[in-house]
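Asks: Residue strings, one per chain:
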Amino acid sequence: MSIRFKVEKRVDVPKWLPLATSVGSVILAFLLGGLLFKIIGGEPLKALKFFYRAVFGNWAVFSDTMVKATPLIIIGIAVAIAFKMRLWNIGAEGQFYAGAFGASLVVLVPLVPESSPKFVVIGMMMIMGMLCGAIAGFIPGYLKAKYKVNEIITTLMLNYIIINWNNFWIFDQWSDRGFQMTATFDRKAWLPRLADYAREIPAFSGVTLHLGVLFGIVAAVIVWWIFKHSRWGYEIKLYGDNPEAARYAGIDITRNIILVMAFSGALAGLAGMAEISGVVHRLQESISPGYGFTAIIVAWLAKLEPFVIIPVSILFAGLIVAGREIQPSGLSFLLQGIILFMLISSDVLLRYKVRIIRTEQEQV
Amino acid sequence: MNFTIILHSGIATGTVLLFAAIGEIFAERSGILNLGVEGMMLLGAMAGFGISLATGSAWVGVLVAMLAGGVLSLAHGLVTIHFQADQVVSGLSLTFLGTGLALVLGEGLTGQTPPLLVDFNIPLLGAIPVLGPALFMNHGLLVYAGYLFTPLAWFYINKTRPGMHLRAVGEKPAAADTLGVNVYGLRYLYTFVGGALAGLAGAMISLSVSPGWYSTQTTSGQGWIAIALVIFAQWNPFRAALGGYLFGMLRRLILDLQGPSTLLGFANPLYINSNYSFFLIMTPYILTIIALIIGSRAVARKKGGSPSALGIPYIRGERGR
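If you read the sequences in order, they're chains A and B. Just so we're aligned, residue 0 is where the first sequence starts under numbering that gives the first Met the number 0, counting upward by one. Just so we're aligned, residue 0 is where the second sequence starts under numbering that gives the first Met the number 0, counting upward by one.
The reader is advised that the hints may include incorrect statements.
What the hints assert, rightly or not - Straight line, CA to CA, 35 Å or less: simulated DSBU-like cross-link-like pairs of lysine-lysine:
1. 147(A) <-> 8(A)
2. 145(A) <-> 302(A)
3. 171(B) <-> 8(A)
4. 236(A) <-> 171(B)
5. 301(B) <-> 236(A)
6. 236(A) <-> 5(A)
7. 37(A) <-> 227(A)
8. 187(A) <-> 117(A)
9. 302(A) <-> 171(B)
10. 14(A) <-> 236(A)
11. 171(B) <-> 145(A)
12. 158(B) <-> 301(B)
13. 302(A) <-> 352(A)
14. 158(B) <-> 147(A)
15. 352(A) <-> 5(A)
16. 236(A) <-> 145(A)
17. 301(B) <-> 147(A)
18. 236(A) <-> 187(A)
19. 5(A) <-> 158(B)
20. 145(A) <-> 301(B)
21. 14(A) <-> 352(A)
22. 302(A) <-> 147(A)
23. 8(A) <-> 352(A)
24. 147(A) <-> 236(A)
25. 236(A) <-> 8(A)
26. 187(A) <-> 158(B)
27. 14(A) <-> 227(A)
28. 37(A) <-> 352(A)
29. 171(B) <-> 352(A)
30. 302(A) <-> 48(A)
31. 14(A) <-> 48(A)
32. 302(A) <-> 5(A)
33. 171(B) <-> 158(B)
As the list claims (entries may be wrong) - To be clear about the criterion: a stretch of chain A counts as covered by chain B if any three or more of its residues have a C-beta under 8 Å from a C-beta of chain B, and this derived list gives those stretches:
34. 151-157
35. 227-234
36. 293-305
37. 341-351
These aren't lab readings, by the way, just hints derived from the structure by calculation. Positions of the beta carbon are idealized from the N, C-alpha and C atoms, including for glycine.
Turn these sequences into a full structure, and let the hints guide you.
Replies: This is the structure:
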């Protein structure tokens, strides 16, 4: 008897398989990462235990993880919209910084009168954050739609441009007594946090989770609805799956490319607004440990499904939280790279299957 | 500010972009879009620096850097050639992977002083007025190698038989396959070549052009600039080299603008307030976008300046394009 392996194209994909490959690739990536960690002289099991305690150990640290998950959720959804249309927006990092800049304008110029109530200040910060993010997304979208300029490179170059733009304002115009940060915002510009209600509910004491996480959940619902029920969502998906068919269907591609990029940028900008209004409370350097890039992996791992992005974001927020403590610091970056690689490799299992064929014949 | 100095420095930093961009041209001409150049370059910069420190030989460092970049690129090759994954996503993951590997393995390298690549003069040619000192004096061997490499790469791609196979694989893989050209094999080969040249470019930064290991700041986005150059150059090595040199000169010019207290008779704002330099740091990235717009419009006019099978996996036995 001899055994032969035969690779065949799959006709239909079982429902459980995409989930299984996603989970499988994360597990495999952790194993590989652990092995690498071992090779360079670390103790993977200890690190894993440490990881668990640093991320989910108690309410306070879990809330910290959720605070880190908030921008990932919002940006993850932002890039997922663009990816559905096969627009590679890898400029979410810059759009996040643009949003933070726009929100700061409201407080530092200031764009609203000093006596405005809190909801006006916050509302205005959200609008300006989304507007600035949308502009940062519009530019590559316009260039792509009108001149077929590769959006990967323009969005990426804009990251560097916007971060330096922010730095100029932080170091120069808005510098607080020469420090590399602006003055702390007035409390009216702070997003409500659970800790603010500690007097009424003692359990909330020290819990830093802020309203931004709600932005993420609302964004997930809206985007889910757009893709499930709206004509616009259908057009985006159709173009992403088959540009030729979309063209024949008479879809205005130029307009959609620009709209999708601006919408994606606006959401990433909202994440930047939520970060400085909910966490940092001023504009400063390095407000993001690469959220814009991690969110790409999050979105891909979640297969661009808005509701799946939420739990995946929490896992990756854990990686970021632990990454601050675990040395060497590049390890969480490496792990993210391995996860993404495992994931796209495992996709081959969705397209092909390996059949084991036993043949009962005599060996000649 | 002195033209010779700007040209000299532009040639040196431009050579980094030249190697990375021509490497990417090889990969893309075979149909493989590898967006992981930044990751491979950073890994190369780290490997070159670290190995030079460990072995005491900068050239061993350069060799290992090329090998590291090449091997890393094979991960992209495997995933896109055999697993038919999306080349954009795979290239992005390669950037993550290369950056992560470089940061983890490069831990503790900052501040070390390994042997660097030495600069030397070329006799006779160095005596040419103005250009001589800029082009043929006080450069490392790799800069001089770049002068030869560019025409050789062009000749190889356009005038030799293996070069014809390379182009065939990137333009019409199914036809090439019918003629007995090993499509998969050649795509792996040129992906590796692209990776090795990106690794070389990285090592050139950390061992020669701006020596040192400054984690992600070492390459600071030059891998992406190289990819933009490929489009700007319309997959032509000569234009890539020229673009690289021009880019290098602009970077130096930008640095030099901060020095003098007056510019063209006016007070130099950069001299008065150093914070304006943030706008200077932006300039290369803005120029990249502009170069890309120019390149893309040219490609659009010519209708198909890019290899026609770029980014499309070749599946044997299916109707090819």
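Asks: Compare the distance between the alpha carbons of residue 187(A) and residue 117(A) with 35 Å, and conclude whether the hinted pair is satisfied.
Replies: holds, 5 Å
Asks: Check whether the Cα positions of residue 301(B) and residue 147(A) lie no farther apart than 35 Å.
Replies: holds, 13 Å
Asks: Count the residues of the segment 151-157 of chain A whose CB lies closer than 8 Å to any CB of chain B, then report whether that count reaches three.
Replies: Three-residue rule met by the segment 151-157 of chain A, so holds; n is 6.
Asks: Does residue 5(A) pair with residue 158(B) here, judged by a C-alpha cut-off of 35 Å?
Replies: violated, 41 Å
Asks: Between residue 158(B) and residue 147(A), is the straight-line Cα distance small enough, at 35 Å or below?
Replies: holds, 30 Å
Asks: Taking 35 Å as the top limit, are the C-alpha atoms of residue 302(A) and residue 5(A) close enough?
Replies: Cα-Cα ~28 Å, so holds.
Asks: Is it true that the CA of residue 302(A) sits at most 35 Å from the CA of residue 352(A)?
Replies: holds, 20 Å
Asks: Does residue 171(B) lie within 35 Å of residue 302(A) when you go C-alpha to C-alpha?
Replies: Holds - the C-alpha atoms of residue 171(B) and residue 302(A) are around 32 Å apart, at most 35 Å.
Asks: Given the hint that residue 171(B) pairs with residue 8(A), does the C-alpha gap stay at or below 35 Å?
Replies: Holds, at about 23 Å.
Asks: If you draw a straight line from the CA of residue 147(A) to the CA of residue 236(A), is it 35 Å or shorter?
Replies: holds, 20 Å
Asks: Per the coverage rule (Cβ-Cβ under 8 Å, at least three residues), is the segment 227-234 of chain A covered by chain B?
Replies: Coverage by chain B is violated for the segment 227-234 of chain A (0 residues, Cβ < 8 Å).
Asks: Residue 145(A) and residue 302(A) were given as a pair; does the straight-line alpha-carbon distance stay at or below 35 Å?
Replies: Measuring from Cα to Cα gives roughly 29 Å; hence the hint holds.
Hint compliance for this structure: hints 7, 18, 19, 26 and 35 are broken, all remaining hints hold.
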